[in-house]
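Peer 1: Take a look at the letters that make up each chain.
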Amino acid sequence: MSADIATRDAYGKVLVDLGRQNRDIVVLDADLSTSTKTALFAKEFPDRFFNMGIAEQNLMGTAAGLAASGKIPFASTFAIFATGRAFEPIRNAIAYPRLNVKIAATHAGLTVGEDGASHQCLEDIAVMRVVPNMTIMCPADGVETEAVVRAAAAYKGPVYIRLGRAKVPAVYQKESYSFEWGKGITLREGGDVTIIATGIMVSMALEAAEDLMAGGISARVIDIHTIKPIDRELIIKAALETGAVVTAEEHSVIGGLGSAVAEVLGETVPVPVIRVGVEDTFGESGTAEELLIKYGLTPGCIMQAVERAVKIKRL
Amino acid sequence: MEKDHSKLERIALRIRRAIIEMTHAAKSGHPGGSLSSVEILTALYFAIMRIDPERPDWEDRDRFVLSKGHASPALYAALALRGYFPEEALLWFRRIDSMLQGHPDMKGTPGVEMSTGSLGLGFSAACGMALAARLDKKDCRVYTLIGDGEAQEGIIWEASMAAAHYRLDNLTAFLDHNGLQIDGPNEEVMSVEPLAAKWRAFGWEVLQVDGHSFGQIMDAVAKAKLAKGRPTMIIAKTTKGKGVSFMENAAGWHGKAPGDQEKDAALKELEVVCCER
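If you read the protein sequences in the order shown, they are chains A and B. When we follow numbering that gives the first Met the number 0, the leftmost residue of the first sequence carries the number 0, and every step to the right adds one. When we follow numbering that gives the first Met the number 0, the leftmost residue of the second sequence carries the number 0, and every step to the right adds one.
Pairs of lysine to aspartate or glutamate residues, derived as EDC-like cross-links and limited to a Cα-Cα distance of at most 16 Å, are as follows:
1) B:K136 x A:D46
2) B:K136 x A:D23
3) A:K42 x A:D16
Residues from chain B shown here face chain A by an in silico Cβ test under 10 Å; the list is partial:
4) G119
5) E152
6) M160
Hints listed in this document are in silico derivations from the structure and should not be mistaken for laboratory results. This one's a predicted model, so the numbers in the text were calculated from it and none came from an experiment. Built from N, CA and C at the ideal position, the CB exists for glycine as well.
Please construct the entire structure, taking both the sequences and the accompanying hints into account.
Peer 2: This is the structure we're talking about:
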């Protein structure tokens, strides 16, 4: 297996490699480069790294101008400041003119930990999803992060990449991983229910599926690394074949992956969809592990949701 | 002796007439702040910038970003007269399916460098363009125009800090200082003065000109090119609604279109000026 690393660490490393390959890649940060790991790029390419200071609106506006002049800017800061403080510059200066800016935001979700609610972003997928022209990617581990970041760099247009602070268990091996733009990955076949997960919840979904097997439930597991545009085909097929769906994400249950899946299925194959995520509430300080347990983001919670989904399906 | 700017003056007059005709035809738009910026735009597009309307994507071109995007009628008229697209297109301003959106759309209009309208964002993007030009070791220059009310936006000061920090001496900004914003005079709504001292304190070269004097505008741009290691802010004192007596210095004409009679009266005034000269 590949090593367990945080997706932000994988991002920092692949960014340096991309920088070596393409001189048009530039990186901007807002005084968090040691945390977002763009400091690695800054060290190797000081001329192509711009620290914009603690000024997220100008981070995005400047990135837009660089992109308008042919550069491929990666703009990084914490997810809450990228998509919260700078929402409107992203909307008007990047997405509306479809500029080639990659917003790589780290410290998404509860696993930010001790910094608490002000820094735990649980709404970034929701707010980015409603913006036209925006692609949203949320990798499950280090290997997938590398693939996602490379794909985003090669794609022409705005991309939001959601990354985390904490180490995550490796889901993939580099040698066998294959990334296809816009396509979810079926990690495990199953006939009774489908667990559709993104980010750090993918490895938990696999754990839950393994445990469900003992109780006689065969769960399919799908990794959705690209939340927008979402892989409708794969989701519809899973709903048709398994008749029940559970979604899992380290995000509010409102507006994220669960909503996106429910929107697809509500208009096509209306099967039960149970969303695992943070209920409509803010987080708090604590270790990542404590927070995941307290706010219901565990393999056990996914199993409970599966049981509910299967029960509704059998009504 | 002052140079003869009669050619530029004639173009400015045509742009003013177009602003009146466009906002009248559209029954909406922003004549006041468009009229105040006419000389700045005329000087940039017809005397200062290195551009080629035949090649709007030419890599080495100078860039202009209209950060006060609501002055789009002035920009569109300048672009049309400069040859980026036919003048007939101007009358489709703000209409459905038109390439001339209410606020500038870089994807739809040849010559528009940045989509703007949300105040402050264009100024920030212009800084990004200036950074890109320097990275590519190009000698092209980036110009941008902001409003005085726009100086109330936080991003203006974020970007001003960054432009000085990164020593963007290829960036020249104009401030269309007409003193009025939608709700009234700047100093009643939210004081912005002392503007010159603010930008000087931020590390910019600051020049102050009469924003309706071609000679002063061009002299200031020449000085801006000589300022090394820092960006330049040209504070251009202007009259909102300039050229149309009943629109001058009237906040009410910020975002109101002239009706039939007002249009005729405005065009008559702009004609008289033409003949007198």
